[in-house]
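Chemist: The hints should help you fit chain B onto chain A, whose structure is shown.
Each protein sequence line maps, in turn, to chains A and B.
Using the working numbering, you'd call the opening residue of the first sequence number 15 and step up by one each time.
Using the working numbering, you'd call the opening residue of the second sequence number 371 and step up by one each time.
Since the hints were derived computationally from the structure, they do not count as laboratory data.
Virtual Cβ for every residue (Gly too), placed ideally from N, Cα, C.
One or more hints might be untrue.
Unchecked claim - In silico SDA-like cross-links for lysine to any residue, where the CA-CA straight-line distance does not exceed 20 angstroms: (1) K348(A) with T461(B); (2) K348(A) with L456(B); (3) K348(A) with A460(B); (4) K348(A) with R358(A); (5) K348(A) with D459(B); (6) K348(A) with L452(B).
Stated by the list, open to error - Derived list of chain A stretches under chain B, where covered just means 3 residues or more per stretch with a C-beta under 8 angstroms from a C-beta of chain B: (7) 235-247; (8) 274-287; (9) 339-350.
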Amino acid sequence: MRRGMRQLARMAQRSPGRAGPLARVADRMPSGQGPRWLRAVLFIAAVMYPLVFGTGGITQLLEQIFTFGALAMSYDLLLGYTGILSFGHAMFFGTGAYAVAIGLNQGDGRLEGLLVGLAAGIAGSLVLSGIVAFLSLRVREAYFAMITLAVGQVLGVLAGSQALRAVTNAGDGLTVPVPDLLSGNLTLYDMCLALLALTAWALGRLVHSPVGDVLAAIRENAARAKSLGHPVVRFQTFVFAVSGVIATLAGAAFALAQSFVNTTVYDVAGVSLNVLLMVVIGGAGTLYGGLLGAALLLTAQTWFASVAGGAPWLREYMLAFGILYIVVVRFMPKGILGAFLHRRGHGRWRKSSDCKTSQI
Amino acid sequence: MSVALTLLLNGLANSALYFLMASGLTLIFGLLRVVNFAHGGFFVWGAYTGTFLASALHNLAASIAGGAAVGVLLGWLVERGLMRRLYGDATQQLLITMGVLMVLSELVRLIFGPNPISAPAPTSLGRSWVVNGVPLVAYEGFVILFGAAVFAILQGVLRGTRLGALIRAGVSNPELLAARGIPVRRVFTAVFAIGAGLAALAGGLSGPWFGAVTPDMGMDMQLTAFVIVVLGGLGSVGGSLLGSLVVGITTAIVSYFAPSLAVLAGVVVMALVLVVRPHGLMGQREVA
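Chain A extracted, bound-state conformation:
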């Protein structure tokens, strides 16, 4: 993994496009990370919250937001930073969740079971991403979207099939025995938060590295990136694998936090399309937009579910999000966070425009 990274980084540096205009545009583009102090404040607030207010309903919602936030960020690496569209991100999320659940069930809730399951899940996701990339990235973009959708659906059906009842408990789902080391609401909460923070840090490093510049070049114009000498398919496969591994970890954390897994972790509408909504509404290509989208959608879903008792039509909140999604795609392609950063960038541009023009 590490060596592969370094190799890709070297390829990125060697390649002639590095110092080209695209790379410089990418440097100037709003990074989406926001000021460092804001991130630090949010992180400290998230750490402090359960210590002050205790664990309960809100921290459970926050755990979901953290795991789905990590998932959405990994998805944004694909969609927003590399410009490849997958409709089957649940294939990794579900694999991670099921791998951990099966490992812990077979290992009677011991830590070894968790580690073996996690390793198997990551290995499985790497193989899966390799196969899907090999089948679909060679041809055209649309194939990738269709094939990821189909593969995600198939895995969900497999997980629920009677043939695998001995391992997956079919449609009834698995209870996850959480190992002692991670037991306790606070520990699980901190684990989800740590996963999110690590994901944000690692992806931030990746997208602002030379590799990230090549990914932006592929997103803007794959044919041009290819003719500049970048091995486009290899970069796309690499990104798909990285994103898949992070999604696997998010799925594993989700399984532990919920301590229950069933076929909904593979659900197309529930995970793959939900994460698409989160990233697009929050802001594709901004990294933290996915987290914002996850917070928005999951909060709304929890709220609607609690209010829906009195008014059943409120359960149809997905319709509202579907319409919002279409409006965002059509009129605000950078999403909420992207539009905000764009405005801010505008202001800075105006302020700096009375300086020396040579800077532009």
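Modeler: Showing chain B alone in chain A's frame:
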């Protein structure tokens, strides 16, 4: 032997429905270069409209035609309202058609509820006979004949009419067509609406075929249609017929022996074909 024949008939009826879905998808892709992720939405609207009209009018022809009309109308609206502004931006188009699918499915859920609604076959086609141990169901035969007729009509239109000539010309070079003074955008709209109508037609037929309609059936059908067009080669009507036959019959056989693995069968066949021919079975040849 009788099992084999039963499965073959069952598979052919599946294939007929799949072909209606896949041919619309492939026509739209061939001309507009858009993979229409909203196709399942048109399908599910056709299915619900058909079921609703069948329970109100008790007339098969009217309910199927009504479903198809709703599909054409929806297709026209989506193309004029959303797609038209996004030609040339493939990712945006995929994203927006997926959004249309979500909204259409959720609307069905809102209006008709999340539970399956039973859709019995009309009494005139509800009969069945047993010949030499092979059960023949009237509705099955009707679906197969309907699929074959649509294929024949589609070929006739594509080869024998002015619209067909325009579509075939547009597939190979839309810019040249526009330069000749032909309103390509109107051809685009027509093809999108026809494709949506075909999907809704498949929906109207599939209600009685599956016995019930659910809001999720659009997504399931769409996945199968994707497998078929990828397998057969995007943009090729002949390819989608071949793909429909392969997937329809395979699904029938696998679901007889291992019902829970039926979805897997199509995807595995697709994967095997893609390893050998990345563009699908008939992807590189000219469109029929």
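Chemist: All the hints need checking, so say for each whether the structure fits it.
Modeler: Cross-check of the supplied hints:
no.: 1; hint: K348(A) with T461(B); in the structure: holds, 13 angstroms
no.: 2; hint: K348(A) with L456(B); in the structure: holds, 15 angstroms
no.: 3; hint: K348(A) with A460(B); in the structure: holds, 16 angstroms
no.: 4; hint: K348(A) with R358(A); in the structure: holds, 13 angstroms
no.: 5; hint: K348(A) with D459(B); in the structure: holds, 14 angstroms
no.: 6; hint: K348(A) with L452(B); in the structure: holds, 18 angstroms
no.: 7; hint: 235-247; in the structure: violated (count 0)
no.: 8; hint: 274-287; in the structure: holds (count 3)
no.: 9; hint: 339-350; in the structure: holds (count 5)
In this structure, the one hint that does not hold is number 7.
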